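Following the numbering used here, the numbering of the sequence shown begins with 14 at its first residue and continues without gaps.
Hints are supplied without guarantee of correctness; some may be wrong.
What the hints assert, rightly or not - Across the chosen pairs, the derived CB separations fall in these ranges: (1) Ala122 with Asp78: 17 to 23 angstroms; (2) Leu27 with Thr142: 28 to 34 angstroms; (3) Arg30 with Lys131: 34 to 40 angstroms; (4) Asp78 with Leu55: 22 to 28 angstroms.
No lab work stands behind these hints, which were simulated from the structure alone. Predicted, not measured: the structure shown is a model, and the values here were computed from it. Cβ coordinates follow ideal geometry from the N, Cα and C atoms, glycine included.
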Amino acid sequence: MSHSRSLDDETADLIARTCLCQRIQRAGRIVGRRFDEAFRSLGINNWQFSVLLALRQLRSPTIGDVAEVLGMDRTTLTKNLKPLARRGLLRVTADEHDARARRITLTDAGEEILASAKEGWHQAQRAVTAGLPPDHLAQLTSSLERFQVTGRG
Numbered sequence: 014m015s016h017s018r019s020l021d022d023e024t025a026d027l028i029a030r031t032c033l034c035q036r037i038q039r040a041g042r043i044v045g046r047r048f049d050e051a052f053r054s055l056g057i058n059n060w061q062f063s064v065l066l067a068l069r070q071l072r073s074p075t076i077g078d079v080a081e082v083l084g085m086d087r088t089t090l091t092k093n094l095k096p097l098a099r100r101g102l103l104r105v106t107a108d109e110h111d112a113r114a115r116r117i118t119l120t121d122a123g124e125e126i127l128a129s130a131k132e133g134w135h136q137a138q139r140a141v142t143a144g145l146p147p148d149h150l151a152q153l154t155s156s157l158e159r160f161q162v163t164g165r166g
């Protein structure tokens with residue numbers, strides 16, 4: 014079997030050292046696990062917390078609005094809303110002006126979960142940022158915000 018189409022060692026090393034996709038995914042998994050632990054007693058994970066928070070901030074958005082804010086496709090979001098709706102943390106209804114559009118509303122139970130998650134969020138946030146000097150954290154936050162805008166295109 015010929016290996017002429019194999020990835021050479023130099024390129025493999027370059028990718029391993031510099032690939033943003035791998036580094037961001039790994040960091041996301043590490044941070045996500047910390048927040049999952051913080052929210053476990055509430056029966057939600059970090060992704061579900063993010064959805065509930067987006068609903069709190071956007072106030073009765075469409076599914077498309079939430080998908081845009083979270084950087085995901087509508088189909089995946091719709092699938093992942095179902096467990097939250099079954100728990101009564103959110104409600105999905107037809108838009109009153111456009112029956113084809115769906116609006117998502119945070120319920121009182123969803124608001125209560127967010128309020129209960131506040132301390133766990135603070136603890137997890139402190140834990141994941143503990144090793145970063147404040148100026149590095151500010152730069153990281155700024156870079157991630159910029160990337161969210163420029164990385165989409």
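Results for each hint:
Hint check: Ala122 to Asp78, Cβ distance near 21 angstroms, so the stated range 17 to 23 angstroms holds. With their beta carbons about 30 angstroms apart, Leu27 and Thr142 fall inside the hinted range of 28 to 34 angstroms. With their beta carbons about 38 angstroms apart, Arg30 and Lys131 fall inside the hinted range of 34 to 40 angstroms. Taken as a hint, the range 22 to 28 angstroms holds for the pair Asp78 and Leu55, whose Cβ atoms sit roughly 25 angstroms apart.
Every hint from the earlier list agrees with this structure, and none is contradicted.
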